[in-house]
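Engineer: Residue numbers (the numbering used here), protein chains in the order written: chain A, 1 to 253; chain B, 1 to 288.
I should point out that these hints are in silico values taken from the structure, not numbers from a laboratory.
Here a beta-carbon is modelled for each residue, glycine too, at the ideal position from N, C-alpha and C.
Some clues are possibly wrong.
Claimed, not checked - Short derived list, chain B residues pointing at chain A, Cβ under 7 Å:
no., residue
1, 183
2, 185
3, 186
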Amino acid sequence: MSTPLLSAQNVSIYYGDKQAVRDVNLTVQRGTVNALIGPSGCGKTTFLRAINRMHDLTPGARVTGRIVLDGEDVYGPGVDPVTMRRRVGMVFQKPNPFPTMSVFDNVVSGLKLAGVRDRARLMDVAERSLRGAALWDEVKDRLKTPATGLSGGQQQRLCIARALAVEPELLLMDEPTSALDPASTARIEDLMTGLKQVTTILIVTHNMHQAARVSDTTSFFLNGDLVEHGATDQVFTSPRDERTEAYVTGRFG
Amino acid sequence: MTAQSTPLSGRPRPRLSAARRLRNLLMGVLIALSTVVVVAPLLLIFFYLLREGLGAMNLEFFTRTPAPEGETGGGLLNAILGSLQMLAMASVLGVGVGVAGGIFLAEYPRHPLMPTVRMLSDVLAGIPAIVMGLVAYGLIVLQFGFSGLAGAVALGFLMIPIVVRTTEEVLKLVPVTVREAGLSLGLPQWLVILRIVLPAAAGGIITGVMLALARVAGEAAPLLFTAFGNPLVNLDPTKPMSALPLEIYRGATSAYDENQRLAKAGALLLILIIFATSLLARRASRRR
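Using the sequences and the hints given, assemble the complete structure.
Structural biologist: Here you go:
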């Protein structure tokens, strides 16, 4: 096995005095989809947001331990969170296109706002990203229309395209389908398998069937602890921990 | 579907008792009266000014300067142009500092200076307009003499806390996840605020600026000893300048009917400007 893309070592996260994540150790291999599951408030989203340093802006939030992305310590001294975030994309629970921008401007916003002016290149990136998010055919004739005019499912795929446009090494997805209807959910799940060609995915989900369908590895969180981490088949069919078994068989959560 | 369906209103409604209907009527009348009490002063002012001022609002009113005391005719061109110039200059100060302050309060809540800035802005909002005039007097007039610029600085100071407050409020309405989406693309925070959050809040900020303008357009006190007033049209901001509230003050306290008529027409114009600005502000905020 090659060196992992991401490795978390003894990661603990605090909100003030309250510890939300306790001593998590986890590795993620390149080109895989990895699911974080667990009941509400178990720390899976908190852990996800530590990886791209989203907690930097939350008053009182603190991360200890080491998170290493492709050999570089995310919280190392002298590491610029802005540069770090550029390498890690994120898709949020609710679709959040930039409200004043067109479809096209949304997709290329990561490049355009960072100073890329080359129209041909932007157009190229927009098409590639929208194709990657399986949205190109639906929006290719309305690239200049406001992004807020798209349906919820289309908006979420637009957000995926926007994240893909900056070519992240790792794509974090925080319950990306929880606000969507079943048809849109299915489209995004289909998408994820293809996205493994270009990036690596870490997805938080409440939906265990979704985790079973799309992921290669699954991590089960409970009360801030990483209870079990392994290949998805193994976690769902022969879990090592009885708490995992209780959760995946639907006895709680 | 069977022919026999029960209509929703099938159950007979109990008749209201006479006492209850009477109370209902009484309350209805009371509520209507309260509405009249609230709206009446506004309408009285408006109709009074229409009756007294509309007659003087002719072409001359908009194209001439006030006639010398005791003579008929003349207009308030000097005051109209003076007000416009000073409001434009005041906006530069009020919008510049106000929007920057609003951004600071809304977007940098963890900054150690935040509580101080918040308190200063709140105190500034409570300072009487005439005191702002004194500040501009001390800062500018004592050294450079009366000028439109000094008046604009006083009005600008008055605008700052209003613009700070509305900017902060509307920025907070922009969802946190929109900011996070920007940050997660590897954009620095200032760029996210400037290019993503601010445009999303633009309608609301424009509303705040318009309301601030409407508020300071009618101020006479801070202009008395800063802009001072000028019977002639003046386009030089370093010289004394007239303004609508100043002409209203002078005209209304004048012994001559002609000056009083001009003052009332000026007051009507001022009210119309404020009315129009408020309407525009509402349109701007609704368009978002």
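Engineer: Against this structure, judge whether each hint is valid.
Structural biologist: Results of checking the hints against the structure:
1. The beta carbon of residue 183(B) comes within 6 Å of a beta carbon in chain A, closer than 7 Å, and the hint placing it at the interface holds.
2. Hint status for residue 185(B): holds, given a least beta-carbon distance of 4 Å to chain A, under 7 Å.
3. At about 3 Å, the closest approach between the beta carbon of residue 186(B) and any beta carbon in chain A falls short of 7 Å, and the interface hint on this residue holds.
The structure is consistent with each of the numbered hints, conforming to all of them.
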